[in-house]
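S.K.: Please model the entire structure based on the sequences and the hints provided.
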Amino acid sequence: MKRMLKIYMEKPELAALLLLLLLIILFQIRSGGVFLSFDNLRGFFGILPEMALVAIGVTVLMICGEFDLSVGAVFALMPMTMAVLMATGISFPMALIAGLLVCVAIGLLNGYLTIRFAIPSFITTLGMMFVARSLTVVISGGFPPLLPADLPTWLFTSFVGPGQLLRMSFLWFLAIAVLVSLLLSRTNFGNWIRATGGFLPAADALGIPTARVKIACFILCSVLSGFAGLIQVLRLGSPLPSIGEGMELQAVAAAVIGGTALNGGVGAVFGGIIGVILIRVIDNGLILSQVDANWFKFAIGSLTIFAVVANSWLRKRAKSIKVEV
Amino acid sequence: MNGPIVSVRNLHKWYSGVHALKGVSVDFARNEAVGLIGDNGAGKSTLINILSGVQKQDEGSIFVEGKEAAISSPRDSMRLGIETIYQYNSMVPTMSIARNLFIGREPLKYSFFGLGVLDIRKMREESVQAIADVDLHLRSPDALVGELSGGQRQGVAIARAMHFKSKVMILDEPTNHLSVKETNKVIGFVRSLKGQNVTGIFISHNMHHVFDSCDRVVAMARGQIVLDKRISETSIDEVQSVL
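Protein chains in written order, with this note's numbering: chain H, 1 to 325; chain V, 1001 to 1243.
Hints are computed from structural coordinates only; laboratory data are not their basis.
Keep in mind it's a predicted model, so treat the numbers as computed, not measured.
There may be inaccurate statements among the hints.
[As the list claims (entries may be wrong)] Now the in silico label distances, taken between C-beta atoms and shown as ranges: (1) V:L1108 with H:W313: 32 to 42 angstroms; (2) V:K1109 with H:L174: 15 to 25 angstroms; (3) V:S1073 with H:V131: 30 to 40 angstroms; (4) V:D1133 with H:S320: 25 to 35 angstroms; (5) V:G1023 with H:S134: 54 to 64 angstroms; (6) H:G127 with V:S1073: 50 to 60 angstroms; (7) V:K1109 with H:E245: 35 to 45 angstroms; (8) V:R1222 with H:F306: 49 to 59 angstroms; (9) V:S1016 with H:A293: 53 to 63 angstroms; (10) V:D1076 with H:A293: 56 to 66 angstroms; (11) H:V291 with V:S1073: 52 to 62 angstroms; (12) V:S1073 with H:F122: 49 to 59 angstroms; (13) H:G163 with V:K1109: 31 to 41 angstroms.
Positions of the beta carbon are idealized from the N, C-alpha and C atoms, including for glycine.
M.R.: This is the structure we're talking about:
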């Protein structure tokens, strides 16, 4: 019993999960039952994948011991690149490949600069945030191009499933979440990511190619952000250069709320997703409870601080439970 | 074969103007426990870093089992059977014992180009066995290394080296920051290496630890070897006088 308690208290995503359940119950009551209604859930699940995909990438990168503040800008740049290319007559698949290559290039550059010059990724990706955002506006020429009418939106944003509850994007998100989660927990590469972020000198001494591991995580993070941006643009029907603003910090908040440690090594994809769901639930729940929407950022801010404090308290309590190892 | 397992010949290393190793030559015999002693900056760590692939010598050569060896990364060194256990832990505290044991050498069920799916059952079973083999009593291979005491961590590091059948084990200040009881345990590990056909190179500041557990003592000062004698033919006072 004590042993089980200890194991659960050490799970960093636990605090967030409990809080999520509490908030769902609270909002369900406060909104008079609207919160868990079919229509509200349909809207909720339609938007969720976009931020969740970004958070998955950010969580993995943070476990590896690095940051990416450029995700919000890449979120806008990738679909804008595609839209501009498609406006010149290039087909959707070719534009998709080009857009993803842009993401790969940005991730590669973020990682290479960070490692080659031994600078904090906070700085590298802060710079990249401005660069990518600026490029987005420049290539659009100030007037976002119209999207062609025959896009394969059925593959990304059409409603599917029982009662048309979910969008295709939710299935993409589920598949990617499961894959990345397995990558992290069930492959040798995942082991290297945790070792690299957990204690770099040991990972180096054991012969892990830590530079390549980090660069791969930067690339994964960029590609997922760009893909998430594409999904949002297909949902909205128009590539706006301003989408994804502020998303980088929300993604970091989601990862932290879900128990990812700022200095690397600790965390789980599931935790990051719980973090995103919490943020979305608060956003949605406040509106349904007819609270002034300007309280949203206040709630996210306090939640982030609370989650970190709660996690470190739980970990300390768990450590003090005497179970022989 | 009765030649030395590792020989270094005329090793030199400069750090931007500082001549850290000045032509070091030394042999390590099979199944021998050697204590490497010296003050800070004497060149011990440089010598060890070169053997373990963390740094590369500027001049000189290394021979492993009689053959010249090019060691340019920790992986090369491990492949040659040289395992290094560092002072500040060669473990990742946020990972489990089973995972730590196999970092970089994970058993895989399937793999493509070196990347693949972990054989977690094998990792757990083999880590339980490896830990039992060094007489360490840990109940679960899933416990985080961060929860172990310093001595237990060194024990797990030694278990890892034994599991991968290393021929030479370099222990860099393994008793630093340990309690007396745990220090004795680590010294016990060093002694037991002989019974398992492993050459131990034990770096320490503490003469008593070296004299308690080794067959031979090598003392370094100012980038050179200043004494190389069997423990039975020397004394703590003699070693101290040359440092």
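S.K.: Hints first: check each against the structure and report whether it holds.
M.R.: Right, here's what the structure says about each hint:
For V:L1108 and H:W313, the hinted distance range of 32 to 42 angstroms is satisfied, since their beta carbons lie about 38 angstroms from each other. For the pair V:K1109 and H:L174, the supplied restraint of 15 to 25 angstroms holds, since their beta-carbon distance comes to about 24 angstroms. The beta-carbon spacing between V:S1073 and H:V131, approximately 34 angstroms, falls within the hinted interval of 30 to 40 angstroms. V:D1133 and H:S320 have their C-beta atoms about 31 angstroms apart, which keeps the hinted 25 to 35 angstroms range intact.
Distance hint for V:G1023 and H:S134: a CB-CB separation of about 57 angstroms, consistent with the stated range 54 to 64 angstroms. Checked against the hint of 50 to 60 angstroms, the C-beta distance between H:G127 and V:S1073 comes to roughly 31 angstroms, which is inconsistent with it. Separated by about 44 angstroms at the C-beta atoms, V:K1109 and H:E245 satisfy the suggested range of 35 to 45 angstroms. As the Cβ distance of V:R1222 to H:F306 is approximately 57 angstroms, the hint placing it in 49 to 59 angstroms holds.
Separated by about 59 angstroms at the C-beta atoms, V:S1016 and H:A293 satisfy the suggested range of 53 to 63 angstroms. A hinted range of 56 to 66 angstroms for the beta carbons of V:D1076 and H:A293 is consistent with their spacing of about 60 angstroms. A hinted range of 52 to 62 angstroms holds for the C-beta pair H:V291 and V:S1073, which are about 58 angstroms apart. Here the CB-CB span from V:S1073 to H:F122 is close to 29 angstroms, at odds with the stated 49 to 59 angstroms.
A hinted range of 31 to 41 angstroms holds for the C-beta pair H:G163 and V:K1109, which are about 40 angstroms apart.
Violated hints for the displayed structure, listed by number in ascending order: 6, 12.
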